[in-house]
Amino acid sequence: MNEKQVHKFVNRYLEATECSILEKSPNHFTVKLSPHADRELTNRPYYWSFVDRVNAEPETMTFLFVTDKNKYDAAEEAKINDAAIKSAQAPAENAQEAAANAALGRSLGFVHGNLAAPARVPREDLFFGARKLDMLFDAAKAKGSYVYLFQEPDKRSTNPFSSTPYTAWLGVNMRVEFACDRKREEIHCFGVSLATGQCVELFYDRLLTHKLTPRLPANIHITKNGISYNKALSIVEQTLERKLRAYDYSWAESASARLEEELERISGYYEPLVEHALADNKPAIQEQFAQRQSEIRWQYEPRVTASAINCGIFHLEGID
Amino acid sequence: MTFQTTPQAASAEVGQAITSRKLHPLVDLQCDRTWFEELQNRQTRGGPWDDWTLYQLAMEAEQAKRIESFEQLLCLRSLPSFEPMPHQISTARKVVHEMGGRAILADEVGLGKTIEAGLVLKEYIVRGLARRVLILVPASLVLQWVRELNQKFGISAVAQKKAHTWGYDVVVASIDTAKREPHRELVLNTDYDLIIIDEAHKLKNKKTTNYQFANLLRKKYCLLLTATPIQNDMDELFNLITLLKPGQLGGLSDFAANFVVDKRVPKNEDQLQEALSGVMIRNRRGDGGIHFTKRFVKNIPLTLSEDEKALYDSVTGFVKERYEESGGDLTSMLSLVTLQREVCSSRDAVFLTLVNLFKKTAEDSPMRPRIWELVEKIKNIKANTKAEKAMELVKEMNDKVIIFTEYRATQEYLLQFFRAQNMIAVPYRGGMNRGKKDWMMDLFRGRAQILIATEAGGEGINLQFCHHMINFDLPWNPMRVEQRIGRVHRLGQTEDVKIYNLCTVGTIEEHIVNLLHEKINLFELVIGELDHILERFEKGDGSLEQRLAKVLLESGNDIDLKQKMNHLGSSLSRIREEVITGDQPQPASPDLIVNLDSLGQTVEVQP
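Quick mapping for you: the protein sequence lines, in order, are chains A and B. For what it's worth, full-length UniProt numbering labels the leading residue of the first sequence as 1, then goes sequentially. For what it's worth, full-length UniProt numbering labels the leading residue of the second sequence as 1, then goes sequentially.
So that you can see chain A by itself, here it is in the shape it has in the complex (with noise of 0.2 Å):
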């Protein structure tokens, strides 16, 4: 992810939990986190099940959230410049106030420089790595796994009478690794019609190309569904077991050539040491050589294993 793909990502989020953005540049944010966000972000388990308990109202935290590092910090210092050359400009009015506030800091005790700034705005630098923005990636992934929607209607239907017929999918996002000592990733996105039990790839892709709402819209019947929820369930699977069956696994065959050759090599070490060791010795030597095979299979056995990233029920127009 670029400085602008961050930049947009923490955008949408911010839009989606209802935080408020009260300042933002093409390189940041300055925002008051909705109580929703600031659960997720925040880390501050103890002060939610405080205001939880005495239903408080939350006071939620303001950050600075910089998108692009670099140029933020040099329009920051743009400004101060130009603050410095104003300020040299009117040093007689400075002076002035300079001089007020002294005089009201020694009467109030410590004042800030502006009484409508808020306390304390800490900066997090965003970036592809970082770890706020991976605790953005999860709160995202928290608050985005199981999903109910409905297809919008492209056009309101003149007919108030006349009903749009739109099929149920179960659509999931797939993760599939592939594992040895070394991983690969790729991702899987499948659509099955709860009517017809047809199954579609780049179902994600599609459902991109819909406006989507939790709403019922007016109008529209919903088809029976043909096929039960386990079905369609097994129906995703055999399609990507279909698939990865098809794949190249010349990376598991090496794999487990060198898990053979470790193995060997292991024994080589442990086999004579088991043999000439001492009646008290020999059991603690043969779970250690136990250990060590468990551990080589554990780094090397090649595996591949598919879980979801996130999933719903998504109700679309027409009958597939």
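I should point out that these hints are in silico values taken from the structure, not numbers from a laboratory. Ideal Cβ placement from N, Cα and C applies to all residues, glycine included. It cannot be assumed that every hint is accurate.
[Unchecked claim] Simulated coverage check for chain A against chain B, where a stretch passes if three residues somewhere in it have a Cβ under 8 Å from a Cβ of chain B:
#1 5 to 17
#2 126 to 133
#3 141 to 147
#4 240 to 248
#5 256 to 270
[What the hints assert, rightly or not] Using C-beta positions, here's what the derived DEER-type ranges look like:
#6 B:Leu216 with A:Tyr46: 31 to 39 Å
#7 A:Arg123 with B:Ala310: 51 to 59 Å
#8 B:Gln421 with A:Tyr46: 44 to 52 Å
#9 B:Pro182 with A:Thr239: 49 to 57 Å
#10 B:Gln212 with A:Ser25: 55 to 63 Å
#11 B:Phe82 with A:Asp320: 50 to 58 Å
#12 A:Tyr46 with B:Thr494: 43 to 51 Å
#13 B:Thr34 with A:Ala218: 34 to 42 Å
#14 B:Gly167 with A:Glu152: 44 to 52 Å
Given chain A, put chain B in place with the hints provided.
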């Protein structure tokens, strides 16, 4: 929604939530079904349902994080603020892609083994191959590791403090703590995805409890860091490798038969190198190239004002008298010599010492009035020649500058002095706690032009952003001078470093500067050479500091002093010649027994 893959899980029966199908004779496909259960749960309960935008964002995050191929080094794209050096990247790549994540990183000192280990760690975390990580280091390095991992690599590493800290994913602990109960049991019962052991040469003896403990740890990937993998004994090498890959060099008897002539002499070096290349990487410093920027050294001779000179002369007289009184007892005199050095630094420094001395002497001692005379002389001094020169220099360079002094009192004086001139200076000293040190560093980086430090040693003061330094006074221990320079002149410094030595003419300072600069050529030495020179010098007759004090006290007049200093100087330059040309009667320290040159690249980082 990810699997916890442990040695147990890999071989055990799969649970209900996971179905397993055969994809290939060697590979099963395991499908996680927890999502489906949860989806049905929510359907029967009628929600709650999540937001469509967040659904898309979650998907986009996953797409961005996806690991496209086995080969790339992905950690680099998530470390925008820091650029590892090419040999560090290629080392990390080799460990991950060719060595299966088990390796001994044996780079020479100063090439960044920590960075390499951090890259490997980050790579495995980014790829989701490592979650539970244990880093065992000497107790004094725990915090440094934690800071480095957090700041440079964005890895939330935690220093082990209490028993519950073991629950964190990435824990840094000292091996001496970890091996003791109650920690021992917790650690040994955990399957660690990655274990990193720093200063691993401490594990070479397999009879030690540390070695036995390390051998019991359960791990998937493992990195051992050491600059000296084999120094004394071939068995040490064997033990180290057995921790990592038992059998890599055969059983102990094969190893002895194939590779060892004598404890200290290897045979079949080619095969040995071949076997080692599968587990060890060693990058060395090169003999050329200019990755280090240059050092420019300028000595600035200063003439003491009349009052200052008067004080210096009377202090010198005072010290000599005491020495003659004591009948040549050197040990008690060292503190008196300090007086002379302090005069060269500031009147504040010498004042403090004199007052303390006054308090210590008995009330009826004839020394008391003598000391008081000196204090009276101090009162006459109105200005500090050196401080004024320093100010002039600082104004001239108009850039960040670090001023080193040996004395707290001088530091305080300078802080006041600069403040009076409306220049912002911040202090730095050994007694400050971690947080305050960090704060001072931040102030210096941000607002202050001047940092005034009494301490150069210790971790965490990296000042690559500054390339001017002023030695307000010089320590007599050359290692401390080198440490000072090393704070500024290190990897990452992009500018040439300018060093100014303030040196008062006609005092011992002049001799010291002459000795360090002309005779050892200290300011232009290659890192590591100084160690050798000093080690050999001190084999003779005590440390350089002691020898200097002796010369100073014993010499009758200036001419005598000059001669003796010259003598000391020439013996130093002779040793330096020997070390640099490699013309040594016998090696000063045992070198590596096995030649490991083919196990890595040569890195050009010479100043």
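For each hint, the structure was consulted:
Chain B is given as covering the region 5 to 17 of chain A, and this holds because 7 residues of the stretch bring a CB closer than 8 Å to a CB of that chain, at least three being needed. Given as covered by chain B, the region 126 to 133 of chain A passes the check, having 5 residues with a CB less than 8 Å from a CB of that chain where 3 are the minimum. Check on the region 141 to 147 of chain A: 6 of its residues sit with their Cβ under 8 Å from a Cβ of chain B, so the three-residue criterion for coverage holds. Restraint check on the region 240 to 248 of chain A versus chain B: 5 residues with Cβ-Cβ distances below 8 Å, three needed, restraint holds.
As drawn, the region 256 to 270 of chain A meets chain B at 9 residues by the rule of a beta-carbon pair under 8 Å; at three or more, the given contact holds. A C-beta distance of roughly 38 Å is found between leucine 216 of chain B and tyrosine 46 of chain A, which places it inside the suggested range of 31 to 39 Å. In this structure the hint that arginine 123 of chain A and alanine 310 of chain B lie 51 to 59 Å apart at CB holds, the actual value being about 56 Å. Judged by the Cβ atoms, the range 44 to 52 Å given for glutamine 421 of chain B and tyrosine 46 of chain A holds: they are separated by roughly 49 Å.
Judged by the Cβ atoms, the range 49 to 57 Å given for proline 182 of chain B and threonine 239 of chain A holds: they are separated by roughly 51 Å. At roughly 59 Å, the beta carbons of glutamine 212 of chain B and serine 25 of chain A sit within the given window of 55 to 63 Å. Evaluation of the 50 to 58 Å hint for phenylalanine 82 of chain B and aspartate 320 of chain A yields a pass: the beta carbon distance comes to about 51 Å. Checking the proposed 43 to 51 Å range against tyrosine 46 of chain A and threonine 494 of chain B shows it holds: the Cβ atoms sit about 45 Å from each other.
Taken as a hint, the range 34 to 42 Å holds for the pair threonine 34 of chain B and alanine 218 of chain A, whose Cβ atoms sit roughly 36 Å apart. The supplied range of 44 to 52 Å is met by glycine 167 of chain B and glutamate 152 of chain A, whose beta-carbon atoms lie about 47 Å from each other.
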